[in-house]
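Undergrad: Below are the chains, spelled out letter by letter.
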Amino acid sequence: NAGVTQTPKFRILKIGQSMTLQCAQDMNHNYMYWYRQDPGMGLKLIYYSVGAGITDKGEVPNGYNVSRSTTEDFPLRLELAAPSQTSVYFCASSYSTGGQPQHFGDGTRLSIL
Amino acid sequence: AQSVSQHNHHVILSEAASLELGCNYSYGGTVNLFWYVQYPGQHLQLLLKYFSGDPLVKGIKGFEAEFIKSKFSFNLRKPSVQWSDTAEYFCAVPDDKIIFGKGTRLHILP
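Quick note, the sequences are listed as chains A and B, same order. Take 34 as the starting number for the first sequence in this note's numbering and just add one per residue. Take 292 as the starting number for the second sequence in this note's numbering and just add one per residue.
In short, the hints are calculated from the structure, not lab data. Watch out, some of these pointers could steer you wrong.
If you want a taste of the chain B side facing chain A, the calculated C-beta under 10 Å gives, among others [unchecked claim]:
| hint | residue |
| --- | --- |
| 1 | His-334 |
| 2 | Ile-389 |
| 3 | Lys-393 |
From the three backbone atoms N, C-alpha and C, an ideal C-beta is built for every residue, glycine too.
Pulled out of the complex, with its shape left as it was, chain B reads as follows (with noise of 0.2 Å):
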């Protein structure tokens, strides 16, 4: 079965700096992958999600994530944080059902 880990488990950025968090799954074939983004207090929210097609895919709020399949990465990148990107972040890869990341916490320093 599909895995999925993040390696980030809590990152610390001042505003304006650039961002990349990492994901990985273990195994390639047909893939399609999620980001989904939880702000304090609130529920997951898809972030941006591939299905084929051109590997860097754009989401909402600036963000973009790059999917290799060589390296089995669909890492998350912003290239200017703000203090409201402060959040969890959830790499997904759907199975028969979809398979979380254990998440990573970004907290953005205004």
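Excised from the complex, chain A in its bound form (with noise of 0.2 Å):
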């Protein structure tokens, strides 16, 4: 029962750099998101997404993509990588909204040097 999967767990990009953030889940939900963490200040929604094929933006959008191809993944796409962007991303799942708590992943650790 693996619930949420991220990969990977911490990595270290120069700036410029472009990365993608892997997130997996098994329980068939349909809506899956991205935050971030940093210190003090909570989570911010990155992109969510309702569905296959569907995605929207967040709080803080810029210098992120994604894409939902599947019910199972959800891949967040750094493509020139800033030192902003340092922080501990979270996925998330849920069933639907509404009602329904989100089940999480152990977090991508990621420093922009």
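Reassemble the complex: the two chains are provided individually, in unrelated frames, and hints are given to aid placement.
TA: Shown next, in the form of structure tokens:
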């Protein structure tokens, strides 16, 4: 029973490099989310998806892209890494929104140097 | 749209002290409410949830929360904290997405 799986757990990038953070869930959840968490700032929603083929911007989408080709996978792409993107990234999923709680992955700690 | 405010950013308590963390949401109507906990180095986990019915909700590890509609509040409580309760706590309200508060860092002194 894996739940939400994120890879990698840690990564260091140089400014201007690109990378994809992977997220997969095996609970057949329709909704998936990407958050970033910075110290003392809580969680900020980057992008979310309500189903395969549908994505929408959250609170802080600039510098990121997502795709949702399957129900299970929701990768987050950083095209030109900047120091401001140093953060911990969490992927989450839920069956629906409204009253359904989210299940979180273990996070990816990303440093941009 | 909904918003959530958590009053305390950082709380320090000694073991066995009682805990109350404040959470207020912005508007009423039918509302569901959550508290999540994030232990150091881990991901967020659901602590308890309110959907309807009894306004006093019991969660895991001895935590409870009371929904007070007239005060737009959903405060988290625990009668006697333990060192292992050191964590960050987030109140959350579902809207079209889930809205999280900024979190309260709880540090329990042994």
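Undergrad: Can we keep the His-334 of chain B interface hint, with Cβ of chain A closer than 10 Å?
TA: holds, 4 Å
Undergrad: Using the nearest Cβ pair, does Lys-393 of chain B come within less than 10 Å of chain A?
TA: With a minimum Cβ separation of about 4 Å from chain A (threshold 10 Å), the hint on Lys-393 of chain B holds.
Undergrad: Does the interface hint hold: is Ile-389 of chain B within less than 10 Å of chain A, judged Cβ to Cβ?
TA: Result: holds, 6 Å to nearest chain A Cβ.
This entry satisfies every hint, going by the numbered hints stated previously.
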